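A.B. asks: If you're matching them up, the sequences are chains A and B in order.
Position one of the first sequence corresponds to residue 1 (our numbering), numbered consecutively onward.
Position one of the second sequence corresponds to residue 1 (our numbering), numbered consecutively onward.
Errors might be hidden in some of the hints.
[Unchecked claim] Pulled a few chain B residues facing chain A out of the computed Cβ check, cut under 7 Å:
| id | residue |
| --- | --- |
| 1 | Asp-47 |
| 2 | His-395 |
| 3 | Gly-443 |
| 4 | Ser-444 |
| 5 | Asp-456 |
| 6 | Ala-461 |
| 7 | Ile-471 |
| 8 | Asp-485 |
| 9 | Gly-542 |
Since the hints were made in silico from the structure, they are not lab data.
Remember, it's a predicted structure, so these values are computed and weren't measured experimentally.
Even glycine gets a Cβ: it sits at the ideal position worked out from N, Cα and C.
Residue-level listing of the chains:
2 protein chains.
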Amino acid sequence: MSSDRLIYLPLGGAGEIGMNAYVYGYGKPGKERLIVVDMGVAFPDMDSSPGVDLILPDIQWLKERRDRIEAIFVTHAHEDHVGAVAHTYEALQAPVYARNFTANIARRKMAEHGHPDDAVQTVGAWPHQQGAGPFKVGFLPISHSIPESSALVIDTPEGRLIHSGDFKIDLTPGVGEPFDPALWADVCKDGVKALVCDSTNVFSPLPGRSEGTLGPDIEKLIESASGMVVATTFASNVARVKTLATAGEKAGRSIVLLGRAMKRMVEAALETGVMDDFPPVVSPEDARGIPRENLLLLVTGSQGERRAASAQLARGKYQGIEMKEGDMFLFSAKTIPGNERGVIRIVNQFSELGVDVVDDSSGLYHVSGHANRPDLETLHDVVKPQVLIPMHGEHRHLREHVKIAEGKGITGVLAVNGMMIDLSGNKPTVAEYVETGRTYLDGSVQIGALDGVVRDRIRMALNGHVTITVILDEDDEPLGDPWVDMMGLPETGRSNAPLAEIIEADLAQFLGRSKAATLRDDDKLNEGLKRTARQSAQDEIGKKPEVTVVVSRLS
Amino acid sequence: MSSDRLIYLPLGGAGEIGMNAYVYGYGKPGKERLIVVDMGVAFPDMDSSPGVDLILPDIQWLKERRDRIEAIFVTHAHEDHVGAVAHTYEALQAPVYARNFTANIARRKMAEHGHPDDAVQTVGAWPHQQGAGPFKVGFLPISHSIPESSALVIDTPEGRLIHSGDFKIDLTPGVGEPFDPALWADVCKDGVKALVCDSTNVFSPLPGRSEGTLGPDIEKLIESASGMVVATTFASNVARVKTLATAGEKAGRSIVLLGRAMKRMVEAALETGVMDDFPPVVSPEDARGIPRENLLLLVTGSQGERRAASAQLARGKYQGIEMKEGDMFLFSAKTIPGNERGVIRIVNQFSELGVDVVDDSSGLYHVSGHANRPDLETLHDVVKPQVLIPMHGEHRHLREHVKIAEGKGITGVLAVNGMMIDLSGNKPTVAEYVETGRTYLDGSVQIGALDGVVRDRIRMALNGHVTITVILDEDDEPLGDPWVDMMGLPETGRSNAPLAEIIEADLAQFLGRSKAATLRDDDKLNEGLKRTARQSAQDEIGKKPEVTVVVSRLS
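With the rest of the complex left out, here is chain A (with noise of 0.2 Å):
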C-alpha cells in the first residue's frame, strides 16, 4: 500500500502564456482528491489556427476523474483564468469559488452558457478558508489590475502552498486590495513548502512602477490636446479604465466607454462595489451633443483587434462617433507579441485621418501588472518557500525563473503542461506525464487541436482547393470527362490556358489509360486522380494544391 501523496499538475499554462488550468491533488496515488485553479483560455492566431474562437485547456484527463474534482478556484476575473469557466462547466459539474467581482464575472459566462446562477460560489478573502475535500483554500489579496485578484493559500496534510496567481508588487494599485507585506510574512511565518509563482516578466530587470505613477502624466497629456481624445486599454485592465477615465475627469473630460467589453467590466466592478469612486459615464449619443476637446473615450481593442472599437474608429466611425484632424489616440497598453500587425495597421489609418497617435514607448502611460523580475524576488523573500514552481510563462521563462530560485538557494522545479511533480517529502519528484493539450472553439464546436481538422484548414489556405468530380457509368467506364472546380488559385499558368481545362485534360488522359481494375477500386482511382491533379497544377502553377475527389458512380 502506497501512502498519501500531494501533487501538482499544470494542464495549461506551464510553457504558455494564457490558458491557465492547474490542478492540486492529494491522497493514494490515483485516487487523490483534486482541486483546480483557474481554468481560462488562450487566443488563436491566424499562423496555427485560422478560424478558431477561443483556445481551451484540454481537460479529458480531469474528465476522466470528474469524481475526484471537490472544487475550481478562480483566482482573478482575467480571461486567462476564468474563461473557460463556462465552456467546461458541464464536462466537470465541479464547482466554481471565487471572490466577488471575480464570481460576478464568471456568472455572466455561466449564464451565456444557460449554466445555473449556483454553479459559482461567492467566497470571501483570507482570513477565511473553503474546504475543500483534503484542501482548505484561502484568496490572500495581491496586487494585480483587476478586482480582488488573488493569490491562494492552499493547506495540505503535507503542508501549506501557495499559488501567486497574477500579481505584481504594488502598494497603491487603484484597484484592489495594495500588496500587503506583513500580511503575507504572517500567512508564510510558520513555513510554505512550495510557491507557484507567476513568472510572465522574469526578464524585466528593473522593478515594476506602480498603476498609482501614471494618472499625473495622462492627465497631463490629455490637458495638452485640443481634439477629442481616444485612449485604449485592455478592458479586464481594470485598474487602467480607472486610471484612465479619472485623469480625464481630472482634465476636465467627459467619459464615454465603447466597445462591450469595456462596459461590462465597469458594470461589474460598480455592481459589486470595488470601484465606488468611478467618475460618471455619458453614453455614445450624448456624447455627439458635448464639444469634442470636452470628450475622452475609453474603448476595447487595445491589440488592433478588427471587430473592436479602436479598429472600427481607425476604419471611420463607431457609434456614430468619428475622429477627426487634430484627434489624439492614446495605447495605455503594451502590444501582445503577434498582434504588431494589427496595431500598426490601425496606428497608420489614424496617421491616414490627421490623428496623432501616443503609445507606450515614453514609458509614461502604461505599466505592467505582472512582476518584474526584483518583484518575484520580493515575493520569494517574503514567502521563503522550501520549493518554487514557476508558473504563468513560457518554457523560456519558467527556465529563467528557476534558475533564479536555485540562485537562491531555493530548490526550482521546472514543470510544464502535463509533468505532474509529487510534493510529497522533502524533495519534489516527476510522478507522472500526463497527456495535455489544446481544445479549439470552433464555431460552437469544442475540437481537439490535433484532429486536423485546422491543420486541412491552414493546408487550403497555404495550397489552394481543387475539386475533381468524375461520373462512371454502370460498368465503371467515365461518363463524359472528369471536372474541375477550384477555390483560392489563379485561373491560369504557365501555359496561359485555364488551369482548370489542363487539369481536366491530364485527369481525362489518366483515366483513359486507367485499367478496370484501378477504375473499380474507390481508393486507387481516388489516389490517382488526386496524385495526377497536384502533379498538373505544379507544372503549371508550382503549387500543388489539396484535392477533394468525388467519384460517383450510376451503378
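Once you've looked at the hints, dock chain B against the given chain A.
C.D. replies: Positioned in the frame of chain A, the structure of chain B alone reads:
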C-alpha cells in the same frame, strides 16, 4: 502645349516598409521619359497573404509605358530594393544599373530566371554619372549595412534631386563606405531641389550607434561562452556578418556559415572584393572535427523562419550539427514586427534544449542600419533641400518625417504609393493619382493581390470548405441523393450525428421541394444548394463554410 515637367511617383515603399519602387520622369505631361529607382519585394504573412511566396510591386503603370523607361537604378542589394528585378525584367526590358556588389547580386537573380548577364550594367560610384534620357544619375556612397550602398544624385533639367536610399550616418560601418560629410556637402553645395529620404527610424529619438561599436561586446560575449556559439542575423546585413565573424575569430573560434543566403552573400562580397579581410571559414563537415567550444556558427533565420538554419537547429539538427545544453544562441538582429511569434517559438525550443539565448534587449549586440531621427536631421542639414519627400516608411513614418521637415522650414510632401508629384517650379503639387498595388508571386505565377485568389484561401482557412455534388438525369430530376465532402470542418456538431449527413439531408429536402424551374436553372440551383448547406452548417457547428457546388447533368 503644356511645358515639360519633373515628376516623382512611388509605386512601392511609400506607405509601407518593403517593396521599394520609385519612378522619376521628365518631359511633356504623359510623355515623360522615366527612370525607376529600386525594384524590391515584400514578404507575405499568414494573416493577409497565406501561401504567397513573394510580394512584388504592381508594375502595370510601368508596363504600359515600357517604351518610355530609360533605366532602372538599384541603390543596394537588399531584397526590398533588388528582389523584384528578375521577376519584372521580362515585362519592363529596361537596363538595370548598379554598383559592382549590387550588380553581382542582381545578376545572380537574373541568371536564376534565365535572363542574360548584360541585363545588369555595373557602374562606378560618384563622381561618375550615368546618362538616362533627360537624367544623369550618380551613385553617391552612403553608409548602411551592405557593401556599396548608395544614394542617387539625380540631375534633371529642373535641378538636382537626391534619393537617399537606405542609410544611416556611420563613420565606421564595417562594410561599405563611411558617411563622408565633406563629399556630401560638396555634392549639395549648389542647391538640391528635393531630398527623397528614408524614414524607417523616424520614431527613434536617440542618435544611432555605429556598427563599429558592436565588435568588442560581441567578442566579450563569445569569450564568456563555454559551449558552441551560434549567432544569427540577416544574411544581407553583410556588415553584421563581418562584425560577428571578426569577433568570433578574435575570440579564437572557427567560423562556420550555415544557410544558403549566408553563404551566397559572403561569396558575393568576396568575389567583388568589397570585403577582403573576412576570416577564413570552415565547412559544416570540417566543423564536426572541431571542439564545440572553438566554433562560432553564423546562421540564417533571425526572424524565426521555419525553414531557415536557426529554426532547424532549434528543432534538432542542421547539416549534422546539433545544439546542446550549455551552448549559446545570439540574436544579433531586431525582430521585425509580425515575426515575433516565430522568433519566440525557436527561443522556447532552445530553452527546452538547455541553450542560453541572448537577444538584443541589452542594446549591446545589435544596431539598426537606418538613420534615427537626429541622423535624419543631420542629412537634412547637409543636403539643405527645398523639398523633402519621405519614403521607405509606413504612413505614420512619412507623416512624422514631414512634420520634422516643416519644423525646419523645409517643404514636406507626404506622397504615398500612387501619388504622382509634380516637382517642376517652386511648389510641388499632386499631378495625378495612379492605381498601384501588390502583385503576388504565388508558386510560379504572378497574381494581383485583389484578384480574389488569396481572399478565397483566407476564407477557406477561416470557414472550412464543403463540396456538394448533385447529379440530375435527362429530365432534370435528381439522380440519387446529394453528396457532401468536407475539408477543414469538424465531423460532428450539436446533434452528434455526422455533419456531412445532416447537410446532405437538408440538401435532399431542398431538392425535394424545388420546382422544375429551379432544377433546370444552374444559377438558382447552385445558389439554393449553397445557401442550404451554409445554413445547415451554421445551425450545427456555428460556422458557415465556403462551398463548391458541382451539378452534373446527364442530359
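A.B. asks: Give a verdict on every hint.
C.D. replies: Each hint, compared with the structure:
1. Asp-47: holds, 4 Å
2. His-395: Since the shortest Cβ distance to chain A is 4 Å, the answer is holds.
3. Gly-443: Where the cut-off is 7 Å and the nearest Cβ of chain A is about 3 Å from Gly-443 (chain B), the hint holds.
4. Ser-444: holds, 3 Å
5. Asp-456: Since chain A brings a Cβ to about 4 Å from Asp-456 (chain B), closer than 7 Å, the hint holds.
6. Ala-461: Holds, about 4 Å.
7. Ile-471: Holds - the Cβ of Ile-471 (chain B) comes within 7 Å of chain A, reaching about 6 Å at its closest.
8. Asp-485: holds, 5 Å
9. Gly-542: holds, 3 Å
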